[in-house]
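Which chain is which? The protein sequence lines are A and B, in order.
Counting from 1, one number per residue, gives the positions in the first sequence under my numbering.
Counting from 1, one number per residue, gives the positions in the second sequence under my numbering.
Source of the hints: derived by calculation from the structure; they are not laboratory data.
Since this is a predicted model, take the numbers as computed values, not measurements.
All C-beta atoms, glycine included, are put in the ideal place defined by N, C-alpha and C.
Hints are supplied without guarantee of correctness; some may be wrong.
Once the Cα atoms are required to be at most 20 Å apart in a straight line, the calculated PhoX-like pairs of lysine-lysine come out as [said to hold, decoys possible]:
#, chain 1, residue 1, chain 2, residue 2
1, A, K441, B, K30
2, A, K286, A, K296
3, A, K259, A, K212
4, A, K30, B, K441
5, A, K464, A, K441
6, A, K82, B, K82
7, A, K434, B, K441
8, B, K464, A, K30
9, B, K467, A, K30
Now the stretches of chain B that chain A is said to cover, found in silico as 3 or more residues with beta-carbon under 8 Å [stated by the list, open to error]:
#, region
10, 113-125
11, 306-313
12, 350-360
Number of protein chains: 2
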Amino acid sequence: MKKAPTSYDYDLIVIGCGPAGQRAAIQAAKIRKRVAIIDSREVVGGVCVNTGTIPSKSFKEAVLFLTGIRQRNIYGAGFRVKTDIQMADLTLRCNHVMQVEIETIKNQLQRNRVDTLYGHAAFVGPHTVEIVSSAGTTRKSAERFVVAVGARPYRPPNVEFNGSSIFDSDDVLNLKKLPRDLTVVGGGVIGTEYASMFAALGVNVTMVDQRKRLLGFVDEELIDCFHYQMRSMGVQLRLGEEVASCKSREDGQVVTVLKSGKVIVSDCVLYSAGRVSATNDLGLDKLGLVADERGKLAVNDNFQTEVSHVYAAGDVIGFPALASTSARQGRLATCHAFGIEEQSMDVPLPFGIYAIPEISYVGRNEDELTREGVPYESGIARYREIARGQLLGDVNGMLKVLFHRESGEVLGVHIIGEYATELIHIGQAVMALKGGLNYLKDAVFNYPTLAECYKVAALDGYNKLRK
Amino acid sequence: MKKAPTSYDYDLIVIGCGPAGQRAAIQAAKIRKRVAIIDSREVVGGVCVNTGTIPSKSFKEAVLFLTGIRQRNIYGAGFRVKTDIQMADLTLRCNHVMQVEIETIKNQLQRNRVDTLYGHAAFVGPHTVEIVSSAGTTRKSAERFVVAVGARPYRPPNVEFNGSSIFDSDDVLNLKKLPRDLTVVGGGVIGTEYASMFAALGVNVTMVDQRKRLLGFVDEELIDCFHYQMRSMGVQLRLGEEVASCKSREDGQVVTVLKSGKVIVSDCVLYSAGRVSATNDLGLDKLGLVADERGKLAVNDNFQTEVSHVYAAGDVIGFPALASTSARQGRLATCHAFGIEEQSMDVPLPFGIYAIPEISYVGRNEDELTREGVPYESGIARYREIARGQLLGDVNGMLKVLFHRESGEVLGVHIIGEYATELIHIGQAVMALKGGLNYLKDAVFNYPTLAECYKVAALDGYNKLRK
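For reference, chain A alone in the conformation it holds in the complex (with noise of 0.2 Å):
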């Protein structure tokens, strides 16, 4: 480390370790600022690598794999790869990966001389945080923040959790066993993906959300068809209804009450109605920032908290809370910390649900586009006409451009199915390079792909424009 100019022990102190905390710290070690990042859990990755995303896919690609869903089509609806799969089937391939991460991210904060300190930060004043461990407590001082402590799950009063039986998304994976029937409160990401793996694993489940649909801000007529599949799965959805309690019954059974009077006894709840920032004791007071009632800190387009030395990046700010544009927010945040040119393309931000099956989109959806008045038009493939999508038994998938009639740019892309989340920066590039529904028509793709449902949705598009 080199001495500090300043009076400050560090230029900039980071606190939380997820993807919005790495990236901010490591672009300003790029820039060669003195950095520190913080983190509560004694080991790095945060949320993301500890206890969310990666253990959430790891355990996806093990349910994909092991009950051998997408092979039914081909080997029978009886097909299983293993007949008995037990929960430590499902997480073997996970403390692996999380190890992988975990030395990829140490190695690269090392590599760029941030110094890593573990411990529970809190403000002690406008530019001070204390930092307590089972090591001690020191003080650091910095001359700029970036507040990237993440989220924990939101827990209402009237959910009974016992971590076994009722349990959050952070403790879903340490389920002994698994249960024969499973109700999940919440249709957002979290909530969406687990649901749709417990029921792929044969699990009966029952999903209990208050809109009327799963993953509102996804386009409809995709979230129809996952809906159709989710139901092919055996899942029930009970949308539009609120829960009224839920707690353990003396069986051991859990019994959820709704508002509307229906009762769900099953082996266990998953309860994923929403997270709540982790800034409650971060002495936020100290700074004269106050948080929203979900703990949230409010923040502008440079990502600058009301305090304009202490930026907030990543879960902690809310919507949209995924691992990839946290990381962006991060590295914009130090960026503009710094006073560095962001001399960034303007590229649309993807989303990527890891559902089974995934859903994955750019852009605006068929309910923005029209609310806006744009005259657009789109060109749809369905997997099951495309030959790797009969390659890999994969029928139900689709994929949707959203084009602008006249000037044929696209303006949206959602794609539901295997390989949506890859298949979108496709699209991505293509609207971020302004190469319209034209190129998607006349490139050629490798055969078989699931890349040339872009060029059959091309065509579609054009044909209907051509009546």
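Dock chain B against chain A, hints included.
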């Protein structure tokens, strides 16, 4: 069909119903030409659907899945989905996918009012073909022709083919049972794909090729990586070697003698060195056309043969002989034949090799750029550094971006690993639409995806420039 305004039966006759022929016919139908397509197989789809692309890709999906080869990094080297894999398990899905593809093509031809004629077609005059089938003999005339008769495996006289232990790629999936050992002669696309699949199945594979490396047109670094992975699966590579003779011994074993004197004894030999265009009984003499010694027809940039109203497209004209490029050639041939201005964008063509692992590239490789004196730099991402690479268990995959040192223009993308054939299309779009390295550096990718390799590779490239 509309009434003929000329004295010919059709405006266009297409001979051969593979990807090139289909696209040629449909393109003509779209501009309301009277079109017929003739196929000697009495079934649409050509080699692509019936004996080549689709069957081999279907075989590959089954191999990947049933061997669980990618899962061995997670579940251990001894892991198998099915311990006693039979040929029947591997070809089970093949017929299903073929049938779906055939129906799709038939449907498309019918919808576009293309007449489909079955039988063997040969020219009997410059504008007339005679079609011989079990139903009888007819003659049809047309103003223009597209010859898309494809190719078949080359069978040299020093190899004693018997269809059971010494066979070519058309027969490989008719094997009654999996051999214990297999010699593959020819390191082109087909030989390499099958060699890798059988190796993944645990068959002892020996590959013979007269060149010093497999897939000579692919970037050298990728091929080094591919050689390494093939050898890791137990493949013995005999490169720079030529076959002197190959014959069946009395005990049923096949003895392959190399010109260097080496002898390889194996259960079976797949001979896959070159293909011959299926032009020998096409009546080319009636047109005054002469094919080369491998039956190939020469064409100009518009896919026109020396007889200006006769076009040729697809495998019959040789390299690259991929379904994707053949389809494009067929379409372009028709466009030129009827004077349609092809306003299609100049999109670089992708190459896809469906081996285990997959290989795909677009643009130029390092050898080509070096020969041309282009000052390029490379950026590399390895799947094992990427969360999804770890999740998928592919730790050997890599993605390489070649870009111009000064302009940042992307000159080529080269991928080896899972989903390479899909991922390449992100790079293809960026190349075609001039996104450059900046785009890849700045884009936000879903996490975790293999698509993130693009960002990691771009950052790697930038860091090299900075030095």
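TODO: Decide if the proposed pair is consistent with the structure: K441 of chain A and K30 of chain B, CA atoms, cutoff 20 Å inclusive.
DONE: Measuring from Cα to Cα gives roughly 15 Å; hence the hint holds.
TODO: Sort out whether K82 of chain B lies within 20 Å of K82 of chain A, counting only the CA atoms.
DONE: Holds, because 10 Å separates the two Cα atoms, which is no more than 20 Å.
Task: Pairwise hint evaluation, K30 of chain A against K464 of chain B, where the allowed Cα distance is 20 Å at most - done: Roughly 14 Å separates the two Cα atoms, so the pair holds.
Task: Pair hint outcome, K286 of chain A versus K296 of chain A [Cα-Cα no greater than 20 Å] - done: holds, 17 Å
Task: Straight-line alpha-carbon gap K259 of chain A to K212 of chain A, limit 20 Å - done: Since the Cα atoms of K259 of chain A and K212 of chain A sit roughly 15 Å apart, the hinted pair holds (cutoff 20 Å).
Open item on the list: When I compare C-beta atoms, does the region 306-313 of chain B have three or more residues closer than 8 Å to chain A?
Closed with: violated (count 0)
Open item on the list: Would the hint linking K30 of chain A and K441 of chain B be met if the CA-CA limit is 20 Å?
Closed with: holds, 15 Å
TODO: For the pair supplied as a hint, K434 of chain A and K441 of chain B, confirm whether the alpha-carbon distance does not exceed 20 Å.
DONE: With a Cα-Cα distance of about 18 Å, the restraint between K434 of chain A and K441 of chain B holds, given a limit of 20 Å.
Task: Per-stretch coverage check for the region 350-360 of chain B, three Cβ contacts closer than 8 Å to chain A - done: holds (count 4)
Open item on the list: So if I understand the rule, the pair passes when the alpha-carbon distance is 20 Å or less; does K467 of chain B with K30 of chain A pass?
Closed with: Holds, at about 13 Å.
Open item on the list: Against the 20 Å threshold, does the CA-CA distance of K464 of chain A and K441 of chain A hold or violate the hint?
Closed with: The hint holds at about 14 Å.
Task: Coverage assertion for the region 113-125 of chain B with respect to chain A, Cβ distance below 8 Å, three residues required - done: violated (count 0)
Checked against the numbered hints above, the structure violates hints 10 and 11; every other hint is satisfied.
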